[in-house]
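A.B. asks: Residues per chain are reported as follows:
There are 2 protein chains.
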Amino acid sequence: MDLDLAQLRALDATVTAGTLDGAARALHVTPSAISQRLRALEAATGRVLLVRSKPVQVTESGQPVLRLARQVALLAADASRELAPGDGDRPVTLPIALNADSMATWVLPALAPLAGEIAFDLHLQDQEHTAALLREGRVMAAVTAAADPVPGCTVTRLGGMRYRPMATPEFARRWFPDGVTAPALARAPAVVFDRTDDLQHGYLRSRGVDPAVPPLHHVPASVDYVTAVTLGFGWGMVPRQQEPPGGLAELDRDGAVDVVLHWQQWRLRSTSLDRVADAVRTAARRHLDHP
Amino acid sequence: MDLDLAQLRALDATVTAGTLDGAARALHVTPSAISQRLRALEAATGRVLLVRSKPVQVTESGQPVLRLARQVALLAADASRELAPGDGDRPVTLPIALNADSMATWVLPALAPLAGEIAFDLHLQDQEHTAALLREGRVMAAVTAAADPVPGCTVTRLGGMRYRPMATPEFARRWFPDGVTAPALARAPAVVFDRTDDLQHGYLRSRGVDPAVPPLHHVPASVDYVTAVTLGFGWGMVPRQQEPPGGLAELDRDGAVDVVLHWQQWRLRSTSLDRVADAVRTAARRHLDHP
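So the protein lines, in turn, are chains X and Z. Using UniProt numbering, the letters of the first sequence map in sequence onto residues 1 to 291. Using UniProt numbering, the letters of the second sequence map in sequence onto residues 1 to 291.
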């Protein structure tokens, strides 16, 4: 297969911008130039790579080509930075997936020192979808509970986040006067992040309570989730890294659940990606649990 | 059309739980009883109401039936609460859509006093999808920038959130030594919430800068977004309600954008829904802008 860099760049920019017009503006060419390059790339690969919806959708055949396009773009940006350091190059964009609680606690301060040279395109995803994003080439790296390497990726263990069932002291007194008994857990409201969050469900099952029985609040944002527990909406599984200064009561000393996080990234020697990986691993050593 | 309450309840519970098994556990019946009721409801309406995927998907024909099921469930829960107040009824679940910045600032404290009687199923959605959720019957109310009433809904104006272009004082000195000129805005990194967030793009266009040009960080969670601006990732449009105590610098006194929020809810006399609407309107009077 003959590779044309301008064609690959058109694919990358179109997926990033979501539209051919956006890609044209980003690359300072006309929309018809983008369209021609995409058609030529589809002719060269013999496959339909994009569905021209709004935003465009990458087809299954388009995934390896998009991944290739982004790998090439990253390596080219690294090389040009090395050839002419500090000449005010446009920062390279790194799409990274991460779980909501990591983004809300320890990841942003770790990435901040690199934010002048790298544009961080952060995607919030649960574990299941993160593997798909890596496979599809939509993200280059991920902080994820998925320990199995996605094909083409390396994986490093970062450390754990320990979730414990917590509530305000007033909530604990009102709903659990005799501790976390099964009848009390079946009646007390719980706060759940979203439909894919199994932490509260898992704890309830471990105590013999069907998770379909208690009333559930759904609060699908990480900081807001802890705010809801702190405001007394219900009990919830809260990691040490997110305990509010005011203090929540731990409901059950045997109720902790450890979620082990991993760094997965494309198998690729890239200075930019290596620097981000170093920053994330250093912060993880400090902020995550290493039992 | 002959209505069967048990059948409507099966539809509601299946969509809420996402699976027939989950609905069966929630209603304390067998999965085959759920399956029979759904088939009977589909026979009575002459339509396929659900796609049996995981989670189940409501078809277009299923939307008005789901909406009806939830309206009936809400009215029945209200009535039973009125007949036997305080007898420890299972709280009624209210699915509500809201924009991320409202959830992160003024809405949760307003809902907290009701969280013992009402289970809040909060959905984060941008304006466009919120109207769809109301129409489909997936949410009963919404805090949304959409001013046009969705068919079957009432709409009340809540007040405004005023977004201003802000950054840390260090960021402003480094990237905008001569103020927010077009060349400086074309080079300075900006923080954007997600692909549907047009606030930064709108400001850039108003200053003659193509939004495809500057480097963009994407940080898709409301509190984390402000954290990223505070950590110096880039400049961003920040509402007064979210300004951090440490203080950010306002970049452009003429750059404010007002987003006017509305409360949309199903046209339905329900005690529970009315109490939530009252709490939201009272908090909005206090926390939103009323120029």
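FYI, nobody ran anything at the bench for these hints, they're computed from the structure. Incorrect hints may have been included.
Each pair may be met inside one copy or between any two copies, as identical chains are not told apart.
What the hints assert, rightly or not - Listed next, the in silico DMTMM-like pairs over lysine to aspartate or glutamate satisfying Cα-Cα at most 20 Å (straight line):
#, residue 1, residue 2
1, K54, D21
2, K54, E117
3, K54, D254
4, K54, E243
5, K54, E42
6, K54, E250
A.B. asks: For the identical chains here, do K54 and E117 meet the 20 Å Cα criterion within one copy, between copies, both, or neither?
C.D. replies: neither (30 Å within a copy, 42 Å between copies)
A.B. asks: At most 20 Å between CA atoms: does that hold for K54 and E42 within a copy, between copies, both, or neither?
C.D. replies: within (19 Å within a copy, 33 Å between copies)
A.B. asks: Go through the copies and call it for K54 and D254: within, between, both or neither, with a Cα cutoff of 20 Å.
C.D. replies: Classified as neither: same-chain Cα gap 49 Å, cross-chain 32 Å, threshold 20 Å.
A.B. asks: Checking an output row: K54 and D21, CA cutoff 20 Å. Within, between, both or neither?
C.D. replies: within (11 Å within a copy, 36 Å between copies)
A.B. asks: Check K54 against E250 for me: Cα-Cα at most 20 Å, and say if that holds within a copy, between copies, both or neither.
C.D. replies: neither (47 Å within a copy, 34 Å between copies)
A.B. asks: Between copies, within a copy, both or neither: which fits K54 and E243 at Cα up to 20 Å?
C.D. replies: neither (41 Å within a copy, 34 Å between copies)
Checked against the numbered hints listed earlier, the structure breaks hints 2, 3, 4 and 6; every other hint is satisfied.
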